[in-house]
Amino acid sequence: MLRFVSRRLALMVPVLVGLSLLLFAWVRALPGDPARALLGERATPDGIARVNAAYGFDQPLFVQYFTYVKALLHGDFGSSIQTGRPVMDSFLERFPATIELGFAALLLAVVVGVPLGYLAARHQGRALDTAVVSGSLLGVVTPVFFLAILLKLVFADQLHWLPTAQRQNPRIEATHITNFYVLDGLMTREWDAAWDALVHLALPAIALGTIPLAIIVRITRASVAEVMHEDYVRTAESKGLTATVISRRHILRNALLPVVTTIGLQAGLLFSGAVLTETVFSFNGIGQYLFEAIGQRDYPVLQGFIICIAIVYSLINLLVDVAYGVIDPRVRAS
Amino acid sequence: MPVSVKRSLGRATAVLAIATLALTSCAKSERDDSGSGSGGGTFVFAGSAEPVSLDPFFASDGETFRVSRQIFEGLVGTKPGTADPAPLLATSWDVSDDGLTYTFHLRDDVKFQDGTDFNADAVCFNFDRWYDMPESAQTDDLTYYYATLFRGFKTGDRSDEAIYDSCSADDATTATIALKKPFAGFVSAMSMPAFSMQSPTALKKYQDDGANNPRTTDYSTAHPVGTGPFEFESWERGKQITLDANDDYWGEKASIDKAVIVAIDDPKARADALANGEIDGYDLVGPADIKPLEDQGFQIENRDPFNVLYLGMNQKVKPLDDPKVRQAIAYALNKDEIVSASMPEGTQTAIEFVPPTVNGYTEDVPTYDYDPDKARELLKEAGAEGATIEFNYPTGVSRPYMPQPEDTFNVIRTELEAVGLKIKPTADQWDPDYLEKIQGTEDHGLHLLGWTGDYNDTDNFLGVFFGTATKEWGFSNQQLFDDLKEARGLPTVEEQTPVYEKINQEVMDYLPGVPLAHPVPSLAFSPDVKGYEPSPVQDEVWNTISLG
Chain A
242 MLRFVSRRLA LMVPVLVGLS LLLFAWVRAL PGDPARALLG ERATPDGIAR
292 VNAAYGFDQP LFVQYFTYVK ALLHGDFGSS IQTGRPVMDS FLERFPATIE
342 LGFAALLLAV VVGVPLGYLA ARHQGRALDT AVVSGSLLGV VTPVFFLAIL
392 LKLVFADQLH WLPTAQRQNP RIEATHITNF YVLDGLMTRE WDAAWDALVH
442 LALPAIALGT IPLAIIVRIT RASVAEVMHE DYVRTAESKG LTATVISRRH
492 ILRNALLPVV TTIGLQAGLL FSGAVLTETV FSFNGIGQYL FEAIGQRDYP
542 VLQGFIICIA IVYSLINLLV DVAYGVIDPR VRAS
Chain B
89 MPVSVKRSLG RATAVLAIAT LALTSCAKSE RDDSGSGSGG GTFVFAGSAE
139 PVSLDPFFAS DGETFRVSRQ IFEGLVGTKP GTADPAPLLA TSWDVSDDGL
189 TYTFHLRDDV KFQDGTDFNA DAVCFNFDRW YDMPESAQTD DLTYYYATLF
239 RGFKTGDRSD EAIYDSCSAD DATTATIALK KPFAGFVSAM SMPAFSMQSP
289 TALKKYQDDG ANNPRTTDYS TAHPVGTGPF EFESWERGKQ ITLDANDDYW
339 GEKASIDKAV IVAIDDPKAR ADALANGEID GYDLVGPADI KPLEDQGFQI
389 ENRDPFNVLY LGMNQKVKPL DDPKVRQAIA YALNKDEIVS ASMPEGTQTA
439 IEFVPPTVNG YTEDVPTYDY DPDKARELLK EAGAEGATIE FNYPTGVSRP
489 YMPQPEDTFN VIRTELEAVG LKIKPTADQW DPDYLEKIQG TEDHGLHLLG
539 WTGDYNDTDN FLGVFFGTAT KEWGFSNQQL FDDLKEARGL PTVEEQTPVY
589 EKINQEVMDY LPGVPLAHPV PSLAFSPDVK GYEPSPVQDE VWNTISLG
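Each protein sequence line maps, in turn, to chains A and B. For any residue, its number in my numbering is found by taking its place in the first sequence, counting from 1, and adding 241. For any residue, its number in my numbering is found by taking its place in the second sequence, counting from 1, and adding 88.
Here chain A stands alone, though its shape is the one from the complex (with noise of 0.2 Å):
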């Protein structure tokens, strides 16, 4: 398993720098001056040279390229243009949002959309399922940002039962130790800090985790289908053993390998719905600062956002492969 996991870390490393060169690329071809954006309306053409000069932004590009690899090599991922803070101080303050969010956002998914598949699979073609089913589609073909102004809409706007925007009530008085807002809560023993956390993270977790989770029941529905009528399934029910035991140990360990691999896929995509329910919550994650840092051509705070992203993303991907692991012993042994 370590030598694996290692082997992975090591593949990363190409993947990065491919990444790293592309992102430069796809960057510095956006129409539009980083210089302009941060000056607006009070940029003058010298004010613009003596910021490009500043920046470095003047130089040739592969003179600029390998200047952004050298410090990116040294762990340096530059400063923001706009605000001038080091891109990984930025980061690793919104970065505890995102997770936060996607984290329920997922927990949202998993908790209720494995349960109401493997229901649906066992109640086929009767009016759960039906229920089940078409919700999901619905689900799955509601768009993030759609749902999100939706749920904002009625929630927040109408009914005032929760917050409309930001992570806390800012009138409350919060001691923030990891910036995992309900965590810090817990931690210090805030409850109040730690309950509005929760009651703000609610609609955009909502909103989020609502795609992940009707397609967690399309799969869990059709993979507990088909392990359902597996032979071994009947030889452990003609064996007398109880349904508790084969559901548990026949039908959801075999039919949970599909659910993971979504689980782990969804868990990546969740970055891009972030950035769109991020922005219209105003909830302070990477999402929407990435999405402020494009209108903004803030170059190093785009490149850095999204290795980092690329980073966490190839992470999340290797936890899944050792998962497989967990629960299939025969990924293992290969």
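Calculated directly from the structure, the hints in this document are not laboratory data. Nothing here was measured: the structure is a model prediction, and the numbers come from that model. Hints are all accurate, no fakes.
Reference listing, derived: stretches of chain B covered by chain A, where coverage requires no fewer than 3 residues with Cβ under 8 Å from a Cβ of chain A:
#, region
1, 215-228
2, 515-523
Computed beta-carbon distance windows for the label pairs:
#, chain 1, residue 1, chain 2, residue 2, range
3, A, Val304, B, Thr179, 51 to 61 Å
4, A, Gly376, B, Gln384, 29 to 39 Å
5, A, Arg244, B, Asp531, 50 to 60 Å
Backbone N, C-alpha and C define an ideal beta-carbon position, used for all residues, glycine too.
Based on these hints, arrange chain B on the given structure of chain A.
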């Protein structure tokens, strides 16, 4: 389905349902408790972005200045509700006849928030600090205002043009500033947050002007010290800035205990947050949100406009180089219709490129009142009937001077087509595509743009637009450039007034574009907020506010 699984699922569903119910009811009660009673309390205000720095000298953005105005004060403030200079840390000032020496008489009862004295030495420390700025900090993203207004620093490629000479502390409450060249807008400029007085002790301890980026130093992120009614408590990046009332403030002490500033990018999201009780007030209200908010009992406060929206014309593009075509376009526009269709109530139509409150404004300028017949006639004379003209406008933006550009574009387009012109619309994302195209290239024709003034100086409008040849306007009118340069160099505002009046006439005669309107920027507040005093130059200090 096995009974046990059924049971667990049932239990899980019940728990989830209860949790959801509890979650929503608690959220409601949380909000209900969050208001503040009379006296004290926390005022939560939403801006559109986070500040870039807590050291206002290194900023030119409104969000930094909003926070700065609470912590810092300048030698000069503004008269409430106007852009005119008024005493603040200086009780009065004398100007020499040649306009080169300014003597400021300072208050003697002011201390910085770190307990050190505010006096003439502190004033000179600040002036000398700005002038001595290291070359690494002499870029427009860091020191735009100083470089623009004082023309240069002690070192660097603009040192020959620098107009600051020296500062002397005559006694504890008298500071004399000597300039190398006259600068009539000097006193007005001193009301800008960028020129706030900062604690020399705190600057020496925490600031490093020569740092790789002086906006990210300890001082600029965590230790700003001024003389204002609020002192800095914390800045949680991506969440909020918290300020505490300064109990030792020399003036009217704040009645609120704390002020919290949050950043919500989208104007509609700010409106939603106010309606939902998450914030007490916000800036840059979208025109479409004003009526619904008022209907729900929220307060709308308008600032007197200190801006101008114009229809620019690039003379590098035919037939806009023809004065008759430019006049025809001006006559074709019904400004009242444009304002009523796309701007908030209270917006004034514009007859020149400066708002009425700015020095040199005159009603005695050539006006081009709506007259479509005359427009057609002029187009015919110019041989431009049916000409196709590109019309650039921005999308995805709402500026104080341009609240709804798409709507403004649509009205103007209809009016221009009505006199026989063919319009080729080109829409671009505001940031940075549109600005790049309009200001950085010659690839545009008619376009919408404008400006919000920083302080009461005519050069801050006319000089910005027409001080030199630019790609935006595509013309070179040396007479106009020279006149503006001469006006800028006059020693007093009184001497400048008639000269700028003449320049305004000259500009409207030449007609490089059509000034359209001075839109009213709005703020919105919950019914509990009392005493907010809007300012045309956003000199809004929250010690006047009370809650409940």
